[in-house]
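Enquirer: Per numbering that gives the first Met the number 0, the sequence shown starts with residue 0, numbered consecutively.
Among the hints, a few may not be true.
Restricting the straight-line Cα-Cα distance to at most 20 Å, the calculated cross-link-like pairs of lysine to any residue (SDA-like) are [stated by the list, open to error]: (1) 98 to 148; (2) 291 to 326; (3) 159 to 141; (4) 441 to 389; (5) 304 to 414; (6) 159 to 80.
FYI, nobody ran anything at the bench for these hints, they're computed from the structure.
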Amino acid sequence: MSTIKDDQGAYLSNLIVEEMEEQLLAQKIQAGKALQSQGAVNAQSQQIGKALENAIDKHVTTENLPNGTLYRHIASDILNTSLKNTYQKVNATATATQKKTDTEQGVHFAIKQAEYPQDKIDNLLNKCSSSQHEMTTADKNYLKYGASQLTSSFSDDFQKTNATFRQTTGLQSYITRTGGGKCCVWCQDIEGRYKLENAPPEIWKRHRNCSCILNYYNAKTGTRSTRVAGIWHVSQIYTNQAQLQDTSPKKFTQQEAKISELASTPNNAKGGTKAIIQEAKKTNVKYHAVKKNTKTLSTEQIIQKVGVNDVYSPGSCVSLALSYIANRHGYDVQDYRGDHGTFIFSGLATTQRFTETFHGESYTEQAKKVCKKLHQILTDQDKEYYFQVPGHAMIIRKHLWSLQYLDLQHAPKNMFKNFSTHEILYVLCDRRQNGGKPYKPKQQIPCLLTPIENFAGEEFQELLGYIHNGGENL
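Sequences are here, hints too, so could you generate the full structure?
Expert: See below:
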């Protein structure tokens, strides 16, 4: 057992900083050295945060704590010492990089540092420290993951502060968010390039272990905002230049972003359809009573009824697949695109709830073996299943001993099409999550599979009321 010192907080803080410095040295990360772009600074801040996380994980143990307890004053020493260190490192590198970029572009503006986020650190202290019990796994996770995430956010805050400041000086600010290797649905929906004034507020936010890269840059706009006698005026001071267009101009409200973040988090995939319904009510998703179709529709009639030409709306494939299933059960349902339901029913947590509630199965398989496994599972001819891989949800079946998937997003050419390893690797793969590239044959792909006949009962009918858009135009 380690010897407990009177100033154990300061002692652990020094151990953690030394350990972090050793890791950064091994990775050849040097604070204050100008990098190519603020995006590179953003990526480096995540590396620094990870080094801090590992150091905390190594040294903050029950053996190293008095009574095995993470007291507030100890947690405060650890967080404030280590985070002030990482704050200085990130801002030094960001400032040097900004000076380099400004010199290359002939721009001469003050470079501002974001305020040290003491309120966020105090909030983290409230979550991770306690004098009532020994440190739990949850306490330690709050400490190490929170410290890592705050370190990553130092670069985000620097960019936001300077982008906002320069926007008022006549430099049009742009912000680009690029998804990381395991980008979740929420991050996918806000990634892209935006003019600062068009960017969704959530573009600056992160969840735990988020690896998205933020990068801001400026261009002369032809206008400048100046403040005279307390009033902002816009005057022409620059020669207009061609302006870049937003590549992902989707803008979320704060409510929509919150819904999407919750629905995209696997840890929220508990409680079945009742939890989904409660979430829909809580977030004011419109409810439209669902009625039975007046007549039985054929497969072709349902495809014609619910199919659209839309590959861009968030969760469109999930929306259409669920609408198809509802009509298969005889319900008159149109899909939910255009309402808050989009941000619940297209989320990973929701589809996992469907899989659990309606007795489906969840598994992981190599991309090249996905179809082989489906051939083994789908033994009945023309029995339809809801099937989801990252980036796409669909209806699949075995027809004349061939796998087929239903395309509902390319009207008027919607139909069942042959489904093979080629579609998994090159067509249906989630290119945003996979760095813009097709899947590799041996890449592990998470899969959700549920027979559509299992989507039944009063609970399912009530759920459909929040999926159905009531026939409103989208």
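Enquirer: If a hint holds in the structure, say so; if it does not, say that too.
Expert: Results for each hint:
For the hint pairing residue 98 with residue 148, the CA-to-CA distance comes to about 26 Å; that exceeds 20 Å, so the pair is violated. Note on residue 291 and residue 326: the hinted pairing holds, with a Cα-Cα distance of about 9 Å set against a maximum of 20 Å. For the proposed pair residue 159 and residue 141, the alpha carbon gap of about 25 Å is over 20 Å, so the pair is violated. The hinted pair formed by residue 441 and residue 389 meets the criterion: a straight-line CA distance of about 15 Å does not exceed 20 Å.
Distance hint between residue 304 and residue 414 is fulfilled; the C-alpha atoms sit about 12 Å from each other, no more than 20 Å. About 24 Å separates the Cα atoms of residue 159 and residue 80, which puts this hinted pair outside 20 Å; it is violated.
The structure does not agree with the numbered hints 1, 3, 6 stated previously, though it agrees with the rest.
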